[in-house]
Amino acid sequence: EAAVTQSPRSKVAVTGGKVTLSCHQTNNHDYMYWYRQDTGHGLRLIHYSYVADSTEKGDIPDGYKASRPSQENFSLILELASLSQTAVYFCASSSNTGQLYFGEGSKLTVL
Amino acid sequence: GEQVEQLPSSLIVQEGASVLINCSYTDSASVYFPWYKQEPGKRLQFIIDIRSNMERKQTQRLTLLFDKKTKHLSLHITATQPGDSAIYFCSATNSGTYQRFGTGTKLQVVP
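Top to bottom, those sequences are chains X and V.
Residue 83 in this note's numbering sits at position 83 of the first sequence, and the numbers go up by one each step.
Residue 1036 in this note's numbering sits at position 36 of the second sequence, and the numbers go up by one each step.
To be clear, the hints were calculated from the coordinates, so they are not data collected in a lab.
Keep in mind that the hints are not guaranteed to be accurate.
Stated by the list, open to error - Some chain V residues judged to face chain X by a derived CB distance under 10 Å, without partners named: (1) Tyr1025; (2) Tyr1032; (3) Arg1043; (4) Leu1044.
All values derive from a computational prediction rather than experimental measurement.
Cβ coordinates follow ideal geometry from the N, Cα and C atoms, glycine included.
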């Protein structure tokens, strides 16, 4: 069974603070992604990676950084969290052309 | 970039009824169209996909139709059950980029 795990599952952060969301996959997939889910917007891609030590910008990268230290791990970093970054964040992995396998989501509330 | 739209945004049906969810995309280079289901508070899960060299795909109670000329897809769910209540997302990708998602269709099946 494909497995993508995210941590933390829920977090409350203060405006201007640093937040790191972590993702670990055991699918042996090359591709990993961070999506953001907001009501009315579906899922929008923030960053993705197709190989360790390399990340790419998605459609909404501003205010976010990403890190892929190994094939299994992919982190999303908010250096200066803002109210507008309150959302649910999903990590996913995939092979080159296949379906996405999602994590359970990380609910971030910025106060 | 690719734009993916879904209609309707929500619908309520009686158990046993059939439903149709429509999806359109803009990028003629898109070749792969997976669909996902998200039950309340859960991760997205893959349910069915189709590639641009096909017109129809069926699995159990799901039928996915694809019209390359009009850039349109339709997901037909028959004999709906309360367990089908979820948000359904279509997505699109060409072979070299990531999947872009529609805004989702919230389906509620009432007994």
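Cross-check of the supplied hints:
Because the beta carbon of V/Tyr1025 sits about 13 Å from the nearest beta carbon in chain X, more than 10 Å, this interface hint is broken. With its C-beta approaching chain X no nearer than about 6 Å, V/Tyr1032 sits inside the 10 Å limit, and its interface hint holds. With a least beta-carbon distance of about 4 Å to chain X, the hint placing V/Arg1043 at the interface is held under the 10 Å criterion. Because the closest C-beta pair between V/Leu1044 and chain X is about 5 Å apart, less than 10 Å, the hint holds.
Hint compliance for this structure: hint 1 alone is broken.
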